[in-house]
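Undergrad: Listed here are the chains, written in short residue letters.
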Amino acid sequence: MILIWLIVVPTAAGLLAWLMGRRHPGWSRWISLIALGINLILALALLTQSADQLTITPGGPWLAEINLSWIPQLGVSFHLAADGLSLVLVLLTAFLGMTAVGSAWTEISEQVGFFYFNLMWVLAGITGVFLALDLFLFYFFWEMMLVPMYFIIAVWGHENRIYAAVKFFLFTQISGLLMLLAIVGLYFVHGQNTGVYTFDYRQLLGTAMSQTTAMWLMLGFLVAFLVKLPAVPLHTWLPDAHTEAPTPGSVILAGLLLKTGAYGLLRFVVPLFPQAALAFAPVGMVLAILGILYGALLAFSQTDLKRLVAYTSVSHMGFVLLGVFVWNEMALQGVVLQILCHGISTGALFILVGSIQERTHTRDMRRMGGLGSAVPRLAGVAMFFALASLGLPGLGNFVSEILILFGTYRVSVPAAVLATLGLISATIYALWMIQATFHGPNKEGWKLPDLSGREAAVMGAMIAAILWLGLYPQPVFNTTTPALHHLEQTATGKQLAARPPSQAIVLSKIDGLSEIDGHSSAPSVWPKGGIP
Amino acid sequence: MSLADLIPLMPLMILAATPIAVMLVIAVYRSHSVTAVLTGIGLAGAFISLPLTSSPETGQVAMLLIVDGFARFYIGLLVAAGFAVVLLSYGYLRPYEGQCEEYYILMLLAVLGSAVIVASSHFASFFLGLEILSISLYALIAYSRLKAIGIEAGLKYLVLAATSAAFLVFGMALIYAALGTMELTRTATLISRPPAEGRSLIVMAGLIMLLVGIGFKLAVVPFHLWTPDVYQGAPAPVTAFIATVSKGSLVGLIIRFFGPVDVAALGSLFAVLAVIAVASMIFGNILALLQNNVKRLLAYSSIAHLGYLLVAFLAGGSMGPAAVTFYLIAYFVMTLGAFGVITVLSGPQREAEQIDDYRGLFWRRPWLGGAFTAMLLSLAGIPLTVGFIGKFYLVAAGVSASLWLPVVVLVLTSGIGLFYYLRVVVAIFARQPQAAAPPAALPLAGGLTLAGLTVMLVWLGLLPSPLLEFIRNII
Numbered sequence: 001m002i003l004i005w006l007i008v009v010p011t012a013a014g015l016l017a018w019l020m021g022r023r024h025p026g027w028s029r030w031i032s033l034i035a036l037g038i039n040l041i042l043a044l045a046l047l048t049q050s051a052d053q054l055t056i057t058p059g060g061p062w063l064a065e066i067n068l069s070w071i072p073q074l075g076v077s078f079h080l081a082a083d084g085l086s087l088v089l090v091l092l093t094a095f096l097g098m099t100a101v102g103s104a105w106t107e108i109s110e111q112v113g114f115f116y117f118n119l120m121w122v123l124a125g126i127t128g129v130f131l132a133l134d135l136f137l138f139y140f141f142w143e144m145m146l147v148p149m150y151f152i153i154a155v156w157g158h159e160n161r162i163y164a165a166v167k168f169f170l171f172t173q174i175s176g177l178l179m180l181l182a183i184v185g186l187y188f189v190h191g192q193n194t195g196v197y198t199f200d201y202r203q204l205l206g207t208a209m210s211q212t213t214a215m216w217l218m219l220g221f222l223v224a225f226l227v228k229l230p231a232v233p234l235h236t237w238l239p240d241a242h243t244e245a246p247t248p249g250s251v252i253l254a255g256l257l258l259k260t261g262a263y264g265l266l267r268f269v270v271p272l273f274p275q276a277a278l279a280f281a282p283v284g285m286v287l288a289i290l291g292i293l294y295g296a297l298l299a300f301s302q303t304d305l306k307r308l309v310a311y312t313s314v315s316h317m318g319f320v321l322l323g324v325f326v327w328n329e330m331a332l333q334g335v336v337l338q339i340l341c342h343g344i345s346t347g348a349l350f351i352l353v354g355s356i357q358e359r360t361h362t363r364d365m366r367r368m369g370g371l372g373s374a375v376p377r378l379a380g381v382a383m384f385f386a387l388a389s390l391g392l393p394g395l396g397n398f399v400s401e402i403l404i405l406f407g408t409y410r411v412s413v414p415a416a417v418l419a420t421l422g423l424i425s426a427t428i429y430a431l432w433m434i435q436a437t438f439h440g441p442n443k444e445g446w447k448l449p450d451l452s453g454r455e456a457a458v459m460g461a462m463i464a465a466i467l468w469l470g471l472y473p474q475p476v477f478n479t480t481t482p483a484l485h486h487l488e489q490t491a492t493g494k495q496l497a498a499r500p501p502s503q504a505i506v507l508s509k510i511d512g513l514s515e516i517d518g519h520s521s522a523p524s525v526w527p528k529g530g531i532p
Numbered sequence: 001m002s003l004a005d006l007i008p009l010m011p012l013m014i015l016a017a018t019p020i021a022v023m024l025v026i027a028v029y030r031s032h033s034v035t036a037v038l039t040g041i042g043l044a045g046a047f048i049s050l051p052l053t054s055s056p057e058t059g060q061v062a063m064l065l066i067v068d069g070f071a072r073f074y075i076g077l078l079v080a081a082g083f084a085v086v087l088l089s090y091g092y093l094r095p096y097e098g099q100c101e102e103y104y105i106l107m108l109l110a111v112l113g114s115a116v117i118v119a120s121s122h123f124a125s126f127f128l129g130l131e132i133l134s135i136s137l138y139a140l141i142a143y144s145r146l147k148a149i150g151i152e153a154g155l156k157y158l159v160l161a162a163t164s165a166a167f168l169v170f171g172m173a174l175i176y177a178a179l180g181t182m183e184l185t186r187t188a189t190l191i192s193r194p195p196a197e198g199r200s201l202i203v204m205a206g207l208i209m210l211l212v213g214i215g216f217k218l219a220v221v222p223f224h225l226w227t228p229d230v231y232q233g234a235p236a237p238v239t240a241f242i243a244t245v246s247k248g249s250l251v252g253l254i255i256r257f258f259g260p261v262d263v264a265a266l267g268s269l270f271a272v273l274a275v276i277a278v279a280s281m282i283f284g285n286i287l288a289l290l291q292n293n294v295k296r297l298l299a300y301s302s303i304a305h306l307g308y309l310l311v312a313f314l315a316g317g318s319m320g321p322a323a324v325t326f327y328l329i330a331y332f333v334m335t336l337g338a339f340g341v342i343t344v345l346s347g348p349q350r351e352a353e354q355i356d357d358y359r360g361l362f363w364r365r366p367w368l369g370g371a372f373t374a375m376l377l378s379l380a381g382i383p384l385t386v387g388f389i390g391k392f393y394l395v396a397a398g399v400s401a402s403l404w405l406p407v408v409v410l411v412l413t414s415g416i417g418l419f420y421y422l423r424v425v426v427a428i429f430a431r432q433p434q435a436a437a438p439p440a441a442l443p444l445a446g447g448l449t450l451a452g453l454t455v456m457l458v459w460l461g462l463l464p465s466p467l468l469e470f471i472r473n474i475i
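Chains G and S are the protein sequences, given in the same order. If you count by the working numbering, then the first sequence holds residues 1 to 532, one letter each, in order. If you count by the working numbering, then the second sequence holds residues 1 to 475, one letter each, in order.
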């Protein structure tokens with residue numbers, strides 16, 4: 001039942017916020033904040049209540065599950081389930097949702113009720129995406145998060161908001177339709193094989209099909225997730241949408257919406273089509289490295305502060321793509337941690353940019369400089385998150401990126417080397433951003449108020465989260481390991497069957513970071529030399 | 001023909017008796033509201049009589065009509081849509097300076113004609129129904145007879161509809177000459193029988209001509225040229241009627257006619273239909289991109305929607321007809337809703353048809369703006385709305401028959417479609433300086449109709465299961 005509440009609470013709160021917001025805007029803020037707080041508590045309760053049940057059952061390491069009949073004529077069910085991976089992401093959704101509400105507190109002053117309605121419905125959709133275990137339901141939520149996001153950009157965005165909103169909507173919707181086609185294709189392939197027409201994820205796992213069919217269907221899924229992620233040739237909607245969206249919109253976009261793409265790759269693309277994903281892996285890794293380097297390069301060449309942060313997302317999400325296509329346990333742990341850390345650190349950077357814009361009414365870095373003396377606390381926090389973004393040891397992003405690099409090194413040395421260049425370029429653009437904004441002479445004589453108590457509280461929570469993930473990420477690993485392990489087994493089980501027995505590999509269960517020390521080095525499942 | 005045969009005919013007889021009653025009442029006492037109420041009662045009576053007269057028998061009445069479950073379902077759909085249009089028309093016609101009572105007589109006749117079409121089992125009754133429908137529409141389209149654009153639209157429709165009816169009759173004649181029957185089921189059986197005797201050149205030519213006539217009413221490419229002008233020129237509620245009832249009756253007919261036929265085995269006819277479907281989707285969506293007039297935009301989009309429908313029709317099998325019927329209901333709800341919003345904002349003097357008329361609508365009238373947005377998103381096929389479930393069903397039907405090319409075109413052109421629906425949505429949500437005066441109140445009947453349609457839109461979008469079950473049992 002908790003799973004249903006996780007979706008119902010924000011949905012209902014959104015409606016309530018809209019209705020109450022017409023009387024008094026303040027109410028909708030508090031309603032949203034409280035609803036997200038409830039979600040956070042619910043997810044934590046689910047996690048602690050079943051902490052000792054984290055064992056691998058035949059069906060998978062599911063902590064909670066609910067399966068209701070919805071459209072039986074089409075084989076559609078209302079099937080939600082949470083494993084460690086889903087639950088961690090649901091926690092992230094509630095947490096970043098709260099920070100987004102915090103950042104919207106003063107920035108959104110028009111049509112407040114309707115804004116919180118949209119915000120809460122995006123979050124409900126995202127939560128649904130992370131929990132859905134029926135492909136129809138998954139698509140339903142996938143699209144449900146789109147329309148409110150479109151409104152957030154189009155109504156409350158900056159100067160060029162209509163262009164950005166339409167571009168965002170078209171990119172995600174058309175790629176989503178291609179995924180729908182692939183979902184329906186998979187549904188019929190499975191139905192014709194077995195006579196059971198169903199959209200249920202677990203039953204669709206391991207559907208037998210020809211290599212060509214699998215490749216086409218996988219591409220359908222892949223294109224939707226790569227647009228969302230985004231991977232390089234499909235990323236052009238991102239800088240516009242991120243830049244034009246209001247601050248809370250940017251936080252949700254960068255912190256959560258991009259992550260649904262990563263989640264889709266982990267949960268659907270590789271487990272459903274292991275062979276095709278394996279065949280595609282070299283291309284995927286090339287795309288990932290292109291994304292890492294190209295995103296960093298573009299970030300460096302921006303003069304718009306918000307656009308700069310937006311392009312860093314392209315670069316960081318390249319690591320996620322790399323980790324997914326490397327597909328060994330270490331890289332996958334890195335991917336999950338990268339999802340969390342990037343969500344928090346980039347969300348924080350967007351909030352900071354938003355605060356600067358709210359104060360100076362510009363995002364142009366050429367007009368900034370010397371802000372450090374005007375807003376010392378803000379500058380300090382920005383420095384912290386810039387360091388997190390460039391991967392300073394001790395902060396979460398370092399752990400995640402280093403795990404992905406180690407995982408990659410086992411599969412392809414050139415790929416690891418090239419991706420490491422991304423870390424170096426991140427140092428350049430992050431420090432350059434700080435330098436151009438906060439240091440140097442205060443050319444325009446800015447005199448601005450420093451962080452308010454509310455802003456400081458939001459930042460404090462995010463700093464604490466990044467520090468925790470950087471210093472002691474073990475609880476995250478403990479939670480997600482069974483889920484990742486299960487995903488890996490699902491995918492490799494098929495592969496092992498299709499490959500000569502000599503290459504069959506038994507995956508030893510890793511225990512958090514112990515693998516980094518080299519105690520147990522489970523070899524990669526995928527062949528060496530992923531890069532052609 | 002016995003007395004017992006009259007029972008299944010009850011709904012049709014009510015539909016036929018109401019316009020006569022209305023006519024008589026007008027002769028005695030001319031009142032807009034009395035006429036409208038009487039019309040509503042007649043339509044409601046016909047609707048209620050549908051379940052009451054249902055029987056397990058086939059419902060074949062003489063050779064001409066068949067009132068079986070399928071026909072009753074479609075008649076119910078058409079009558080309900082007609083009822084919604086009447087409700088919308090009432091507020092629309094109130095400021096009309098001429099006499100507006102005859103409008104309702106014409107509307108009732110048009111509903112009767114469309115009901116006869118879906119209940120026909122013979123070329124003769126089909127043609128009769130079609131002509132009742134068409135002739136009422138000629139007058140309805142040009143009802144605002146002082147406006148040049150309305151007259152132009154009416155004449156255009158008259159000329160083209162008459163021409164297409166000629167094609168239709170010629171096609172029927174050819175088929176009769178070759179096969180010696182005018183009964184729909186018998187014709188269908190003869191066509192689908194394996195030896196090629198049923199598929200001689202004459203029969204094929206006849207079928208193609210039949211398609212011309214039907215294609216004209218459905219407004220599919222290349223028989224769509226009248227659509228934008230007529231949609232624009234006709235009064236908004238009449239446009240809603242043409243877009244839904246008139247097209248829906250023909251969709252019902254082709255399902256009945258081609259139901260027993262394996263369309264895929266007909267070779268050239270299948271190819272022709274596939275080309276029509278693909279061309280409708282492509283041209284409808286691309287031309288809609290260029291419109292600044294909401295009525296014309298919806299006209300082109302309706303061309304595309306009929307193209308989507310044909311994809312599932314081509315798929316046939318167990319899924320095709322059910323998908324077509326479900327999508328038709330979805331299309332009825334969202335089209336009536338979209339034109340309903342236009343109607344309540346329009347009057348016979350001036351129609352709110354430019355995109356600019358809707359700028360900032362959401363901030364001026366949140367409920368109306370919200371309803372219009374919901375309708376447009378449903379037309380675009382976004383979840384939480386019935387349009388999504390409908391489109392999903394179409395795609396599923398297409399994929400089940402491996403119609404990859406039409407399905408891929410459907411998906412890609414839906415993407416184009418999004419763009420122009422979003423243009424209107426963008427306008428609805430455009431921020432504007434606060435208007436000085438609060439807007440005038442909406443007509444009550446129209447407002448209630450829109451509320452009902454919006455609720456139905458979301459309800460069927462969330463819980464389509466009962467309706468799907470119902471449709472499956474009928475087909």
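The hints are simulated quantities; they were obtained by calculation from the structure and are not laboratory data. Hints are supplied without guarantee of correctness; some may be wrong.
[As the list claims (entries may be wrong)] Looking from chain S toward chain G, a few residues come up when the C-beta cut is under 8 Å (computed):
1) 21
2) 94
3) 396
4) 414
5) 419
6) 468
7) 469
8) 473
9) 475
[Stated by the list, open to error] Simulated restraints, written as ranges between beta carbons of each label pair:
10) S:124 <-> G:4: 48 to 58 Å
11) S:451 <-> G:376: 33 to 43 Å
12) S:56 <-> G:163: 52 to 62 Å
13) S:56 <-> G:68: 57 to 67 Å
14) G:376 <-> S:439: 15 to 25 Å
15) G:208 <-> S:466: 47 to 57 Å
16) S:402 <-> G:72: 16 to 26 Å
17) S:45 <-> G:72: 44 to 54 Å
18) G:194 <-> S:451: 40 to 50 Å
19) G:208 <-> S:4: 31 to 41 Å
20) S:462 <-> G:366: 29 to 39 Å
21) S:451 <-> G:49: 36 to 46 Å
[Stated by the list, open to error] Here's a subset of chain S near chain G, in silico, CB distances under 7 Å, partners left out:
22) 53
23) 382
24) 400
25) 401
26) 405
27) 411
28) 418
29) 422
30) 464
31) 466
Virtual Cβ for every residue (Gly too), placed ideally from N, Cα, C.
Undergrad: Does each hint fit the structure? Answer for all of them.
TA: For each hint, the structure was consulted:
Against a cut-off of 8 Å between C-beta atoms, the interface hint on residue 21 of chain S is violated, since the closest Cβ of chain G lies about 42 Å away. A distance limit of 8 Å between C-beta atoms decides the matter here; for residue 94 of chain S the minimum to chain G is near 31 Å, and the interface restraint is violated. With a cut of 8 Å, the hint placing residue 396 of chain S at the interface with chain G holds, because the nearest CB-to-CB distance is about 5 Å. Here the hint on residue 414 of chain S is kept, as its CB sits about 6 Å from the closest CB of chain G, short of 8 Å.
Nearest Cβ of chain G to the Cβ of residue 419 of chain S: about 6 Å, under the 8 Å cut. The hint holds. For residue 468 of chain S, the interface hint holds, the least distance from its beta-carbon to any beta-carbon of chain G being 5 Å, beneath 8 Å. Interface hint at residue 469 of chain S: satisfied, since its Cβ lies 6 Å from the closest Cβ of chain G, which is below the 8 Å cut-off. Look at residue 473 of chain S: its Cβ only gets to about 11 Å from chain G, farther than 8 Å, so that hint breaks.
At its closest, the beta carbon of residue 475 of chain S sits 12 Å from a beta carbon of chain G; the interface hint therefore is violated under the 8 Å criterion. Between residue 124 of chain S and residue 4 of chain G the beta carbon distance is about 57 Å. The supplied range of 48 to 58 Å therefore holds. For residue 451 of chain S paired with residue 376 of chain G, a C-beta distance near 56 Å fails the hint of 33 to 43 Å. Hint check: residue 56 of chain S to residue 163 of chain G, Cβ distance near 60 Å, so the stated range 52 to 62 Å holds.
About 34 Å separates the C-beta atoms of residue 56 of chain S and residue 68 of chain G, a value inconsistent with the hinted range of 57 to 67 Å. Distance hint check for residue 376 of chain G and residue 439 of chain S: the Cβ-Cβ separation is about 51 Å, which falls outside the suggested range of 15 to 25 Å. At about 35 Å, the CB distance of residue 208 of chain G to residue 466 of chain S disagrees with the hint of 47 to 57 Å. Checking the proposed 16 to 26 Å range against residue 402 of chain S and residue 72 of chain G shows it holds: the Cβ atoms sit about 25 Å from each other.
Taking 44 to 54 Å as the suggested C-beta distance range, the pair residue 45 of chain S and residue 72 of chain G does not conform, at roughly 35 Å. Hint check: residue 194 of chain G to residue 451 of chain S, Cβ distance near 44 Å, so the stated range 40 to 50 Å holds. Checked against the hint of 31 to 41 Å, the C-beta distance between residue 208 of chain G and residue 4 of chain S comes to roughly 56 Å, which is inconsistent with it. Taking 29 to 39 Å as the suggested C-beta distance range, the pair residue 462 of chain S and residue 366 of chain G does not conform, at roughly 51 Å.
Evaluation of the 36 to 46 Å hint for residue 451 of chain S and residue 49 of chain G yields a pass: the beta carbon distance comes to about 43 Å. At about 28 Å, the closest approach between the beta carbon of residue 53 of chain S and any beta carbon in chain G exceeds 7 Å, and the interface hint on this residue is violated. The interface hint given for residue 382 of chain S holds, since its Cβ lies 6 Å from the closest Cβ of chain G, which is under the 7 Å cut-off. For residue 400 of chain S, the interface hint holds, the least distance from its beta-carbon to any beta-carbon of chain G being 6 Å, beneath 7 Å.
Annotation: interface hint on residue 401 of chain S violated; nearest CB of chain G at approximately 10 Å, more than 7 Å. The interface hint given for residue 405 of chain S is violated, since its Cβ lies 12 Å from the closest Cβ of chain G, which is over the 7 Å cut-off. A distance limit of 7 Å between C-beta atoms decides the matter here; for residue 411 of chain S the minimum to chain G is near 5 Å, and the interface restraint holds. The beta carbon of residue 418 of chain S is positioned within 7 Å of a beta carbon in chain G (closest approach about 5 Å), and the interface hint is therefore held.
Hint status for residue 422 of chain S: holds, given a least beta-carbon distance of 6 Å to chain G, under 7 Å. Interface hint at residue 464 of chain S: satisfied, since its Cβ lies 6 Å from the closest Cβ of chain G, which is below the 7 Å cut-off. The interface hint given for residue 466 of chain S is violated, since its Cβ lies 10 Å from the closest Cβ of chain G, which is over the 7 Å cut-off.
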